[in-house]
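Q: The whole structure should be built from the sequences, with the hints applied where relevant.
There are 2 protein chains.
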Amino acid sequence: MKIDMHAHHFPRITREEAAALSADRGPWLRVDEGGKTGQIMRADRPFRPVYDSLWDPHARLAEMDAQGVDIQITCATPIMFGYEFAPEKVLPWAQRMNDLALEFCAAAPKRLVALAQVPLQDIDAACREASRAKATGHHGVQIGNHLGDRDLDDEGLVTFLQHCANENIPLLVHPWDMMGGNRMKQWMLPWLVAMPAETQLGILSLILSGAFERIPESLKICFAHGGGSFAFMLGRVDNAWKHRDIIRKDCPRLPSEYCKRFYVDSAVFDHGALRLLAEVMGTDRIMLGSDYPFPLGEQSIGKLVAEQPGFTDADKRAIYAGNAVEFFGLQSLVG
Amino acid sequence: MKIDMHAHHFPRITREEAAALSADRGPWLRVDEGGKTGQIMRADRPFRPVYDSLWDPHARLAEMDAQGVDIQITCATPIMFGYEFAPEKVLPWAQRMNDLALEFCAAAPKRLVALAQVPLQDIDAACREASRAKATGHHGVQIGNHLGDRDLDDEGLVTFLQHCANENIPLLVHPWDMMGGNRMKQWMLPWLVAMPAETQLGILSLILSGAFERIPESLKICFAHGGGSFAFMLGRVDNAWKHRDIIRKDCPRLPSEYCKRFYVDSAVFDHGALRLLAEVMGTDRIMLGSDYPFPLGEQSIGKLVAEQPGFTDADKRAIYAGNAVEFFGLQSLVG
Numbered sequence: 458m459k460i461d462m463h464a465h466h467f468p469r470i471t472r473e474e475a476a477a478l479s480a481d482r483g484p485w486l487r488v489d490e491g492g493k494t495g496q497i498m499r500a501d502r503p504f505r506p507v508y509d510s511l512w513d514p515h516a517r518l519a520e521m522d523a524q525g526v527d528i529q530i531t532c533a534t535p536i537m538f539g540y541e542f543a544p545e546k547v548l549p550w551a552q553r554m555n556d557l558a559l560e561f562c563a564a565a566p567k568r569l570v571a572l573a574q575v576p577l578q579d580i581d582a583a584c585r586e587a588s589r590a591k592a593t594g595h596h597g598v599q600i601g602n603h604l605g606d607r608d609l610d611d612e613g614l615v616t617f618l619q620h621c622a623n624e625n626i627p628l629l630v631h632p633w634d635m636m637g638g639n640r641m642k643q644w645m646l647p648w649l650v651a652m653p654a655e656t657q658l659g660i661l662s663l664i665l666s667g668a669f670e671r672i673p674e675s676l677k678i679c680f681a682h683g684g685g686s687f688a689f690m691l692g693r694v695d696n697a698w699k700h701r702d703i704i705r706k707d708c709p710r711l712p713s714e715y716c717k718r719f720y721v722d723s724a725v726f727d728h729g730a731l732r733l734l735a736e737v738m739g740t741d742r743i744m745l746g747s748d749y750p751f752p753l754g755e756q757s758i759g760k761l762v763a764e765q766p767g768f769t770d771a772d773k774r775a776i777y778a779g780n781a782v783e784f785f786g787l788q789s790l791v792g
Numbered sequence: 458m459k460i461d462m463h464a465h466h467f468p469r470i471t472r473e474e475a476a477a478l479s480a481d482r483g484p485w486l487r488v489d490e491g492g493k494t495g496q497i498m499r500a501d502r503p504f505r506p507v508y509d510s511l512w513d514p515h516a517r518l519a520e521m522d523a524q525g526v527d528i529q530i531t532c533a534t535p536i537m538f539g540y541e542f543a544p545e546k547v548l549p550w551a552q553r554m555n556d557l558a559l560e561f562c563a564a565a566p567k568r569l570v571a572l573a574q575v576p577l578q579d580i581d582a583a584c585r586e587a588s589r590a591k592a593t594g595h596h597g598v599q600i601g602n603h604l605g606d607r608d609l610d611d612e613g614l615v616t617f618l619q620h621c622a623n624e625n626i627p628l629l630v631h632p633w634d635m636m637g638g639n640r641m642k643q644w645m646l647p648w649l650v651a652m653p654a655e656t657q658l659g660i661l662s663l664i665l666s667g668a669f670e671r672i673p674e675s676l677k678i679c680f681a682h683g684g685g686s687f688a689f690m691l692g693r694v695d696n697a698w699k700h701r702d703i704i705r706k707d708c709p710r711l712p713s714e715y716c717k718r719f720y721v722d723s724a725v726f727d728h729g730a731l732r733l734l735a736e737v738m739g740t741d742r743i744m745l746g747s748d749y750p751f752p753l754g755e756q757s758i759g760k761l762v763a764e765q766p767g768f769t770d771a772d773k774r775a776i777y778a779g780n781a782v783e784f785f786g787l788q789s790l791v792g
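Residue numbers (this note's numbering), protein chains in the order written: chain A, 458 to 792; chain B, 458 to 792.
Keep in mind that the hints are not guaranteed to be accurate.
Each pair may be met inside one copy or between any two copies, as identical chains are not told apart.
Below, in silico cross-link-like pairs of lysine-lysine (DSSO-like), each with a Cα-Cα straight-line distance of 27 Å or less [as the list claims (entries may be wrong)]: (1) K546 with K591; (2) K677 with K773; (3) K717 with K493; (4) K706 with K493; (5) K760 with K642.
These aren't lab readings, by the way, just hints derived from the structure by calculation.
A: In structure tokens, the structure reads:
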């Protein structure tokens with residue numbers, strides 16, 4: 458059993474639909490003649506070349522078959538979040554995207570599972586949409602790791618996390634809107650440098666602020682890309698917490714003690730990195746996630762885990778499927 | 458033999474001296490009554506509490522004795538760089554700081570070794586000062602990892618690196634002026650999240666731009682804090698290079714092939730992180746570095762390396778001293 462819990466889709470949104478969100482920045486999909494390839498667009502600017510598995514569930518299912526993926530948990534491509542636009546435009550947008558995601562998954566309801574998106578800039582609306590999405594068939598919510606200058610320690614965002622804990626709505630936190638600005642113009646540096654830092658910042662914002670102390674332990678929260686640079690930098694963070702008062706002031710426990718409060722996916726692309734990740738997080742807190750269908754994802758889904766030296770068969774089964782079944786409540790699909 | 462190659466000092470600069478560099482941002486040292494503690498200041502704003510080993514070589518030598526450190530390589534605290542000020546003010550400032558560093562080291566010329574600073578915003582002046590500093594007794598130069606929006610792939614900065622390669626001037630690259638801005642106001646997040654990202658960005662700027670192809674292989678360049686998040690993210694970078702054309706366009710080799718072109722220090726604070734670092738870099742490219750005398754440094758200098766599972770005695774000797782002797786040309790001090 459192989460469950461890939463980190464995959465993205467992008468519906469065939471027209472330019473007109475995107476313009477209702479934002480005339481000059483709304484994301485839409487331009488499909489090339491033949492229907493096999495296309496571009497994610499922002500107004501008239503190409504954002505990323507893509508291919509049909511991103512929007513066509515049948516193309517996707519064929520690839521899942523070829524890769525031996527039994528179940529895939531799919532969520533929005535982060536450019537669809539819309540957090541930067543007016544809340545009154547983003548609630549209907551999120552609802553529409555969430556309904557389209559369920560349509561996408563309806564092609565194979567036992568194999569395709571959706572996570573919703575929410576208008577995080579309006580916490581009340583975000584809580585309502587998370588609950589509505591759950592009621593309509595979503596298995597959780599994906600959020601970005603921040604909202605402008607507000608990171609996950611922000612009072613409103615903590616309220617949203619508390620809501621998800623109370624309603625048993627699992628969360629995937631994905632980096633987006635990457636720091637670094639003009640200094641990362643080439644070579645996809647925002648994806649290589651800023652995304653791991655964003656994810657680490659998201660985790661540390663929950664730990665060092667003491668937010669984890671105020672959020673129910675029942676919260677199911679997973680960070681993408683193996684938690685970014687978090688696991689490798691944790692020794693530096695623990696050392697800093699021990700020796701500098703201003704780092705411990707809001708965080709009563711050693712930062713590494715909070716690792717049991719969250720999950721990560723397995724998308725780290727290197728056996729040494731995965732070994733360290735497993736030591737830091739435990740194999741019971743890592744879930745197979747590929748970042749499909751993008752070129753920066755794992756191209757042979759699950760190969761790294763399958764070939765990981767030192768992992769027992771039980772470790773591999775947990776990472777491949779068992780942890781995700783528990784986290785996302787997929788018992789009815791695998792039972 | 459234990460050589461600590463990552464340590465900082467800050468001379469007893471007066472507020473008046475600092476004002477000659479910048480009236481509202483010049484860094485200086487306010488020493489408390491009793492002379493044992495103080496504050497690094499920017500104009501009238503406290504920047505960081507410090508203690509006498511930062512400016513008093515005799516206090517430092519007593520700590521080196523207690524820690525069993527035979528030789529220490531010391532460089533400016535990055536707030537002293539002055540890269541943001543007018544070049545004509547920064548050249549004399551850098552010269553003065555470099556002369557003060559030699560005075561500091563003169564307290565124990567066989568045990569304290571200095572790295573210079575240069576006015577990097579004026580590449581000609583930076584090259585001249587690097588050469589002058591070498592002639593006056595410095596064993597290399599410390600630079601910041603960027604200069605505003607210019608990273609290490611910037612043409613001027615590459616010219617400086619080429620100069621250092623040609624003149625056999627070893628370089629330590631230290632993160633500073635950290636990305637993230639308003640989002641990292643508390644808990645020293647710039648030191649925990651942005652510094653590792655800055656260092657990774659510095660390394661990737663040399664790799665992905667193809668700059669390493671244009672710089673002589675003789676360049677000796679070392680990145681602080683174990684290279685930041687570089688080693689852990691390298692799998693992601695290699696994978697991205699393989700599968701996305703815009704990442705390989707200026708970089709002819711797999712990014713991991715460039716690891717042999719640079720060194721890192723050992724300041725990673727965790728055995729799992731150090732093991733991964735040694736796998737990625739080789740134990741011949743790691744040098745003991747503590748970030749002394751700051752609370753975010755290794756408090757028991759060399760303990761992590763000494764107790765590292767899997768390191769042979771030869772590995773430990775190389776990291777403790779052998780690699781630094783070769784890198785900085787310290788044969789006359791240890792022979």
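Q: If a hint holds in the structure, say so; if it does not, say that too.
A: Hint-by-hint comparison with the structure:
1. In this assembly of identical chains, the alpha carbons of K546 and K591 lie at most 27 Å apart only when taken from the same copy (21 Å versus 62 Å across copies).
2. In this assembly of identical chains, K677 and K773 lie within 27 Å of each other by CA distance solely inside one copy; the values are 21 Å within and 42 Å between copies.
3. Taking CA atoms no more than 27 Å apart as the test, K717 paired with K493 passes in neither setting, with 42 Å inside one copy and 41 Å between copies.
4. When the C-alpha separation of K706 and K493 is checked against a cutoff of 27 Å, the pair qualifies only between copies, where the shortest distance is 25 Å, while the shortest distance within a copy is 54 Å.
5. In this homomeric assembly, K760 and K642 never come within 27 Å of each other (Cα to Cα): the closest approach is 31 Å inside a single copy and 40 Å across copies.
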